[in-house]
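Residue numbers (numbering that gives the first Met the number 0), protein chains in the order written: chain A, 0 to 145; chain B, 0 to 153.
Heads up, a few of these hints could be off.
[To be verified] The following label-pair restraints were derived from C-beta to C-beta distances:
id, chain 1, residue 1, chain 2, residue 2, range
1, A, P40, B, Q138, 37 to 47 Å
2, A, D107, B, P52, 19 to 29 Å
3, B, D97, A, D102, 33 to 43 Å
[Said to hold, decoys possible] Which stretches of chain B does chain A cover? Using the computed rule of at least three CB atoms under 8 Å from a CB of chain A, they are:
id, segment
4, 15-25
5, 44-51
6, 106-114
7, 129-135
8, 138-147
[To be verified] Away from chain B, derived, C-beta distances all over 12 Å, residues of chain A:
id, residue
9, D51
10, T70
11, V97
12, E111
13, A139
14, E142
No lab work stands behind these hints: they were computed from the structure.
Using N, Cα and C, we set each Cβ at its ideal position, and we do this for glycine too.
Here is how the chains run, residue by residue.
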Amino acid sequence: MADIAPPSLFGPTITLLQHAVKGAHLEHEQIANNLANVNTPNFERSTTNFKDALQASLGIPAPADELGLQTDDDRQFQVDDGSPPVPFDPQATVDETVQMRVDKSNVDVDQETTLLAANADYQSTVSQLVQQQYKFLREAIQEQTN
Amino acid sequence: MGYYSALEISASGLSAERLAMDVIANNIANANTTRTPQGGAFKRQLVVFAQKPGAVDQSGDDPFGGSLDPTQPVKADVEGVQALGIVDDPTPDRLEFDPGNPDADARGYVHYPNVEIVKEMVDLMAASRAYQANVAAIQANRQMGNNDLGLLKS
Numbered sequence: 000m001a002d003i004a005p006p007s008l009f010g011p012t013i014t015l016l017q018h019a020v021k022g023a024h025l026e027h028e029q030i031a032n033n034l035a036n037v038n039t040p041n042f043e044r045s046t047t048n049f050k051d052a053l054q055a056s057l058g059i060p061a062p063a064d065e066l067g068l069q070t071d072d073d074r075q076f077q078v079d080d081g082s083p084p085v086p087f088d089p090q091a092t093v094d095e096t097v098q099m100r101v102d103k104s105n106v107d108v109d110q111e112t113t114l115l116a117a118n119a120d121y122q123s124t125v126s127q128l129v130q131q132q133y134k135f136l137r138e139a140i141q142e143q144t145n
Numbered sequence: 000m001g002y003y004s005a006l007e008i009s010a011s012g013l014s015a016e017r018l019a020m021d022v023i024a025n026n027i028a029n030a031n032t033t034r035t036p037q038g039g040a041f042k043r044q045l046v047v048f049a050q051k052p053g054a055v056d057q058s059g060d061d062p063f064g065g066s067l068d069p070t071q072p073v074k075a076d077v078e079g080v081q082a083l084g085i086v087d088d089p090t091p092d093r094l095e096f097d098p099g100n101p102d103a104d105a106r107g108y109v110h111y112p113n114v115e116i117v118k119e120m121v122d123l124m125a126a127s128r129a130y131q132a133n134v135a136a137i138q139a140n141r142q143m144g145n146n147d148l149g150l151l152k153s
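Let the sequences and hints guide you as you build the complete structure.
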């Protein structure tokens, strides 16, 4: 699962979506842990970098800032540091940002539940995309729709 | 990262918050208890929460996932929350002057528990909301699992 997608019947899309689902599950685990520790003093919330890892697995470097060079034509030079695709390897990272609470925890229930819902919807969307991919393939095989 | 680890994390949060609610209910029930087996008035109790030290599976020998992909170590080192113990609140007792009370001391003061109902109710609401947050996490987990299973029937 960690390797770079070989050319397959399905193309790289299925592998990308598979990694996205896996990353969403990892993210969900971190958010669930943050929520389980919502009343734990001195707790630091953790999150994952799975979307950056997903981008890196495509060979696109994560932008250091928002001021990267954009191209809108094939004749323009692509500013690319030539970074090769790396295996999809999401990591859990501890968020050490400012603590708002008197018990030195930086978990915000509202923020976590919002992230939880967003992550679940993200995973739902990706799942539907996987279904669509297989639906397209089945239509191509059967030469008919539905 | 096992399939059920997220559920176990949320379940640990549920049981921890339920324990907190039990302790708060005990505090409220004993808000006026002046006699305890240890002697003296009831002491308000508090639950100490701590992050559960996860069994970090760095070796990658996860029984199921590892057999599928031995090259990738399993990195789930978050295992939820645990209650380390229940401790007594060290704040002093509430004193009320009531010389006729059989529990009054020599100066006529009765030692009542250091339980404040308002504070307990607030703690109860916090624990209840935290419990709901964990339930929401479990529901999201089920939804995600259903999405995954839905891939099979397309």
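A quick look at each hint next to the structure:
1. P40(A) to Q138(B): 37 to 47 Å: violated, 27 Å
2. D107(A) to P52(B): 19 to 29 Å: For P52(B) against D107(A), whose Cβ atoms are near 24 Å apart, the range 19 to 29 Å holds.
3. D97(B) to D102(A): 33 to 43 Å: holds, 36 Å
4. 15-25: Satisfied; 3 residues make the cut.
5. 44-51: holds (count 3)
6. 106-114: Coverage by chain A is violated for the segment 106-114 of chain B (0 residues, Cβ < 8 Å).
7. 129-135: holds (count 4)
8. 138-147: holds (count 6)
9. D51: Nearest chain B Cβ is 16 Å from D51(A), so the label holds.
10. T70: The claim holds: T70(A) sits with its nearest Cβ about 35 Å from chain B, beyond 12 Å.
11. V97: holds, 20 Å
12. E111: Violated, because the least Cβ-Cβ distance between E111(A) and chain B comes to about 7 Å, which does not exceed 12 Å.
13. A139: holds, 15 Å
14. E142: Fine: 19 Å to the nearest Cβ keeps E142(A) off the interface.
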